[in-house]
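Participant: The listed protein sequences derive, respectively, from chains A and B.
Heads up, the first sequence is in the working numbering, so the first residue is -8 and it goes up one at a time.
Heads up, the second sequence is in the working numbering, so the first residue is 32 and it goes up one at a time.
No wet-lab data here; the hints were simulated from the structure.
Yeah, the Cβ is synthetic: ideal placement off N, Cα and C, and Gly gets one too.
Keep in mind that a hint or two might mislead.
Below, a sample of chain A positions facing chain B; criterion: calculated Cβ distance under 10 Å [unchecked claim]:
| id | residue |
| --- | --- |
| 1 | LEU366 |
| 2 | TYR382 |
| 3 | THR419 |
| 4 | PRO420 |
| 5 | VAL447 |
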Amino acid sequence: MGNIDLTALSPFMILMTAPVVIMLAIAFRRSHGLTFALALGAVILAFLSLLYSHSASPYNVTPLLVIDGYALFFSGFILLAGFFTILLSYDYLKIHGESREEFYILFLTALLGSIVLVSAVHFASFFLGLEILSVSLYTLIAYQRMNELCIEAGIKYLVLAAFSSAFLVFGMTLIYAEAGTMEFSRMAVQLTAAGGIRPVFLAGTILIIVGIGFKLAIVPFHMWVADVYEGAPAPVTAFIATVSKGAVFAILLRYFIYIDMPRGNPIVIFLICVAVVSMFAGNLLALFQDNVKRLLAYSSIAHMGYLLVAFLASGKLRVTAVVFYLVSYFITTIGAFGVVTVMSGKERDADRLDDYRGLFFRRPWLAGIFTAMLLSLAGIPMTAGFIGKFYVVAAGVNSVLWIPVLSLVVASAIGLFYYLRVLIVMYTPPPGLAEAAGHSMSAMSAMPMGTLALAVLIFLLLWIGLYPGPVLEVITAMSTFD
Amino acid sequence: MILFWILIIPLAGGLLAWVAGSRGPYAARKNKLISRWISLISLAVDMVLVVCLWLGEPRTVLPAGEAWIAEMSQPWLPALGVSFHLAMDGISLLLVLLTVFLGMTAVISSWSEIERNVGFFHFNLMATLTGIIGVFIAVDLFLFFSFWELMLVPMYFLIAFWGHEKRLYAAVKFFIFTQLSGLLMLVAILGLYFIHGSVTGTYTFDYFKLLGTPMASSIALLLMLGFLAAFLVKLPAVPLHTWLPDAHTEAPTAGSVILAGLLLKTGGYGLLRFAVPLFPGAAKDLAVFAMAIGVIGIIYGAVLAFAQTDLKRLVAYTSISHMGFVLLGIFAWNEIALQGVVIQMLCHGISTGALFILAGALQERIHTREMQRMGGLWAVVPRLGGTWVFFALASLGLPGMGNFIGEFLVLLGLYRVSVPMTVLAALGLVVSTVYAVWMIQKALFGINREGWRIPDLEAREITVMGAMIAMILWLGLYPQPYLNTAREGLASLQKITRLTMQAGPVQLTDQVTDPSTGPSKYPSTTSGGTDGKH
């Protein structure tokens, strides 16, 4: 390992050192504030070190990892998402007593797993990253160990994630048996030499998609998502919805950029079906949902379906569309769960639709932020979600994917219904107005970090929605492969 | 730059009104008043700007072409070929004028109706108006689509929060109908964008550059259908109209005025500006069907209006009938018919807006919209009754009022295209007489069975009504200024379609596409390209 390796790996090393430091700090002094500051500092430092390792990119660190624009960009916005979720977690943990400090350790390892995942170009690092992420998540989901829902969610996620990993590993083995290599680039070489995709390779790829499908919660691998979203603490839900899915999507996209799938390939047809079914199923399941977390869970299924449309597209727009959609989805989803977090009380998360009744009259700013987030999820102009959806449709139209594009159009019209439902509830005056107002004031002041995070997120949402030029330039520059 | 101000002033006014009016959920009386005045003043300022533009001579020739009065262009998303490109010709100017005018009447007419969240109400109202103005002056399809979608959200809020009994149902139905059709248009816009890009090599959303894009007639037809979906839902044309009676009926007065007076016009404007000029060949193929839908709409709307007992619902159905004329005129596509379309859009906006204001005023007083319970009101509220009769007569197309000019010109133009259609459409006029007279008869005359004792129109309402009556009479007795203003714009639209049809007969009649032929002929036909000049 030379100097340049260390430069390239600096974000990884920071994220590896930080948990150890925090553990030691906890051994000396158990302080929520200190741990929080250390974790936040580590994330910021790791983010800054991306600029440093950018100087070395593109660079292959062993055959396992590559530090290129794509990896750095994804790492950057995963760390940003981590930054916001840590802010939200601080407030959340402050209310929900006992042993808060270890939360941050797990959080940082989960982030580490994610950035390993987005930099992986080898099955070994792929699997390694995924497991670091998953194992951290098992604990994070079940973090409130006295809460039954939480435990249920944790167990469910554990069983299904382990199961899906088995699929993934099996798929990898099949591909290794066929191609004789675990490196993406050499696999691609093998594939062209063999003159097409052979059945065993196909089977392996499908198994990998199944494994990843569980993580992305696309239909028919979506069974866990509503329960886990509901049971997990709100900031962790935000993390699963964004970082975990985003990182997995990034590796999937990278894999499929190396292994080019021609049109009419069974995998492509399979993915088209999955995309269409996910869009409809997600939106239909969310229609009459009275639990906001479950509603967002089902809506996330639909959003993954939209994302697959861009994923299936070809040409220059493909990567841009996927990345841009992910960026807008990250901002919006963290924002939405951020509102849930800020609303949450000690006993339970604010996940019932009734909790939001008349929110506009109690906390107009929060209601405004939630409105913007929901409209962005629905893809209304002036929000990041619109530009994201616009890109997805553009990529689909450009690649003549008529069936997925038209399904997207119809499905998002269906989806509107439930976003509007939440909106209406927020703006309907509650019966006991004065009493509720007094209650909310105290809750507001208790969530300084969450409020800060939401303020930044809403700014990003509108900025990207109104003037996406600069962000787009970065994305186009960083997401080109050579 | 003036276009930018015209666009932004209502929005700024709305924000200001929101801030001023929202100190606590049930703000003080003074705050409400300030909020109303801010909205009104900002619209008045906007009105002054538009009128200045209207009277402003001489005009310099803009990059957009001779017919255009004002223009501005700023790069917005250069990577995609999106620019913040606004331009205004005579047609846009008249419609913006209508928007600001009806906006003012909407603010005044809801002066005492809205008591809850006044600030937020005005913000939504002004944001809707901003979106509508944007739709009328955007000449970049991306921008146009943004405004198109943007005006829906505040409109949705207006219906959902300040509407009547079934407001949630109506609001959601309205939103989903328009959003779904809007997304279909987005797909069509993107289709056009990529076809234009692949043929000419420049990827752009600019309206002027996209005009005359050569493509196979089958593709043109599909793309046209995408645009039609959005515009016909808004217009609304008959099978797609079901959102309208609900939305119009349940909306608060200001909402109804804006829906009927302005939102429907965006559909007509879209057809006029985008759907037909972008795909003239497909428009020609579809003309018969579109005109048939128009005729069906005229008669169907009128007959259903006759069957209503809810006053606002009745007026809503008459809208369907009247907008049928707009559809007919646009697809007849000759100068007289198009002139008629513009006048019809203006007059329908004013007269239907006025009827909704009157219905709202009445509902505020007697708390019902049921015509069964009215009757004998003529004696109780003579001023309200008088204006009502006036606008009912305007609505049925009495000569001397603007609506007559509009419908007459449309029929005159249509006569040259299709005699049977003209005859059938003229039948609609007969039915409209029936419902208009029926409405007056039921509500105003007869016996005052319920014993209503209600105050007549107050000074504020009389001012609004007076202004609207004056406008209708002006349009009816001396429409020449309006016709002159619209003429150049309409002529350039016709020229564009004519040139496109002549330039690309191969592409427009043959099924075979050969994108390599012909693109070089086009740029000159669109009155010159427009690159980033103010």
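Participant: Tell me if the interface restraint on VAL447 (chain A) is satisfied: Cβ within less than 10 Å of some Cβ in chain B.
Facilitator: Check failed: Cβ of VAL447 (chain A) comes no nearer than 21 Å to chain B, outside 10 Å.
Participant: Are THR419 (chain A) and chain B close enough, Cβ to Cβ, to be under 10 Å, as the hint says?
Facilitator: Holds. Min distance 8 Å.
Participant: Interface hint check: LEU366 (chain A), Cβ to nearest Cβ on chain B, cutoff 10 Å. Holds or violated?
Facilitator: 7 Å, holds
Participant: Hint TYR382 (chain A) vs chain B: min CB-CB distance below 10 Å?
Facilitator: 9 Å, holds
Participant: For the hint on PRO420 (chain A), just tell me whether its beta-carbon gets within less than 10 Å of chain B.
Facilitator: 8 Å, holds
Comparing the model with each earlier hint shows a violation of hint 5 alone; every other hint is respected.
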